[in-house]
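Chains as they are written, first to last, in the numbering used here: chain A, 1 to 93; chain B, 1 to 301.
Don't read these hints as lab results, they were simulated from the structure.
A hint or two may mislead.
Said to hold, decoys possible - Which bits of chain A does chain B cover? Going by a derived footprint, with three or more residues having C-beta under 8 Å, they are: (1) 18-29; (2) 36-46; (3) 54-67.
What the hints assert, rightly or not - List time: in silico DSBU-like cross-link candidates among lysine-lysine, alpha-carbon distance up to 35 Å: (4) B/162 with B/79; (5) A/74 with B/162; (6) B/79 with A/77.
Unchecked claim - Residues from chain A that keep clear of chain B, each with C-beta distances beyond 10 Å, as calculated: (7) 7; (8) 8; (9) 15; (10) 33; (11) 50; (12) 76.
By construction, the Cβ of each residue, glycine as well, lies at the ideal position given by its N, Cα and C atoms.
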Amino acid sequence: MKRMEPGILFRNLLIEIVIYSFLIFGYYLLVLRWLDDWLMTIFNTNLVYYAFVGLGMIFTQAVLLDFVTSYLMKFIKTDQFGIKRILDVFSDR
Amino acid sequence: MYFPIADVTISPILLMSVGFVVGILGGFFGVGGGFLAGPMMFWTGVPMNFVVGTDLAHMTGKSLVAARRHRALGHVDLKLGLYMVLGTVIGVEIGARIIEALQETGTIELTVGITYIVILVFISGFTAWESIRAIQMVRTDQIDVEKAVGFQGLSKRIQAVKIPPMVSFPVSGIECISIWMVLGVGFVTGILAGSLGVGGGFIRMPMLVYVLGIPTHIAVGTDLFEIIFSSAFGTITHAIKGNVDILMALVMQTGAAIGAQIGANATRFFAGPRIRLAFSVLPLIGAIMVFIRLIGGAMGH
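With the sequences and hints as input, model every part of the structure.
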């Protein structure tokens, strides 16, 4: 198995976390914070429906987030954002 | 952020951070992480009745992400996982009935608590002893690190039992094993999980390694695969009782997803014995938390 240098790995990880945080912030503002009233209504009217809708949402979000993180990792590895090149300008390496 | 279902206001960043930490541990060790997430959620201010159910809900999503990542790395034995689910479901049901019987005697908290502590301390001590032995074997005997297991006697005996039907698990490198042994391990972990009220990841992972002889990386991935089913089932039952705040679980999951992915990917850089040695600390933390709860309960009375 070809292993990357720890420094590069750590840098990739940091880049991924920063980009992911921005995406999640946007997701929170656009989606999550608007769900409370709707979920509360279902919770108060039909708990069985709430349980299955909730589980469906958990699964859907998990698949979505897995897709986002995998895609991000692939992009950062292949440096399609050109971020490494930008960082290299500021680093001593 | 206000969560109307749990009727509590908590910072979403705090919840995401809790999810992130538990996600890393879950992805790396193949555990649900309920024994850590529960107290952390309680500490952030989540009401106790929502802690277990909401944690199970976020665990479902986190395990899905981590299991998918482990599957991409070739660390999930789907066939083994499905057999284990079958045994576990039956075991959980019987474990829940044991709890009901204990409730009638009125000694449930103490009995379960002490049993839990004894099992966790034993798992922790045994895993630490075995993994240190395996690391020494690698150094002195020059054997392949992935094949180094300091205690193989039980798994060899289990694999030698020839009660039909026999099954093979090529992904795990097991050519032939009695189906009853696999179901039995699932059943025993299910009873423990059901009667102790936990997901059972940190009981199942060592059992997969030491009893069935599954390689550590595959045990981690397969355990996560099984947690998807057990926690999804738990989410439904708790949500029907009104103990799940789905919005809170979704917020936690955003942190857990990347944590689980990091944890799962990190397993590539550690050999089996080192993962097991690091894992040995987790049951000890769980035991300390149960001990504190028991002391707190006794002082409360």
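Say whether it holds or is violated: residue 33 of chain A keeps its Cβ farther than 10 Å from all Cβ of chain B. The claim is violated: residue 33 of chain A sits with its nearest Cβ about 7 Å from chain B, within 10 Å.
Is it the case that residue 8 of chain A keeps its Cβ farther than 10 Å from each residue Cβ in chain B? holds (13 Å)
Since residue 50 of chain A was said not to touch the interface, does its Cβ keep a gap of more than 10 Å from each Cβ of chain B? Label violated. Min Cβ-Cβ 6 Å, cutoff 10 Å.
Per-stretch coverage check for the segment 54-67 of chain A, three Cβ contacts closer than 8 Å to chain B: Coverage by chain B holds for the segment 54-67 of chain A (10 residues, Cβ < 8 Å).
Within the segment 18-29 of chain A, is the number of residues with a Cβ closer than 8 Å to a Cβ of chain B three or more? As far as the segment 18-29 of chain A goes, the hint holds, because 4 residues have Cβ atoms under 8 Å from chain B.
Verify this label for me: residue 7 of chain A is non-interface relative to chain B, using a Cβ-Cβ cutoff of 10 Å. Given a closest Cβ separation of 14 Å, the condition holds.
Can the restraint linking residue 162 of chain B and residue 79 of chain B be considered satisfied, given a maximum Cα separation of 35 Å? holds (19 Å)
Interface exclusion of residue 15 of chain A relative to chain B, criterion Cβ beyond 10 Å: holds (12 Å)
Does the structure keep residue 79 of chain B and residue 77 of chain A at a Cα separation of 35 Å or less? Within the cut-off at roughly 32 Å; holds.
Was residue 76 of chain A rightly flagged as not at the interface, with every chain B Cβ beyond 10 Å? holds (12 Å)
Assertion that chain B covers the segment 36-46 of chain A - criterion: three or more residues, beta-carbon distance below 8 Å: With 5 residues in contact (Cβ-Cβ under 8 Å with chain B), the coverage given for the segment 36-46 of chain A holds.
35 Å limit on alpha-carbon distance, applied to hinted pair residue 74 of chain A and residue 162 of chain B: violated (46 Å)
Of the numbered hints listed earlier, those contradicted by the structure are 5, 10 and 11.
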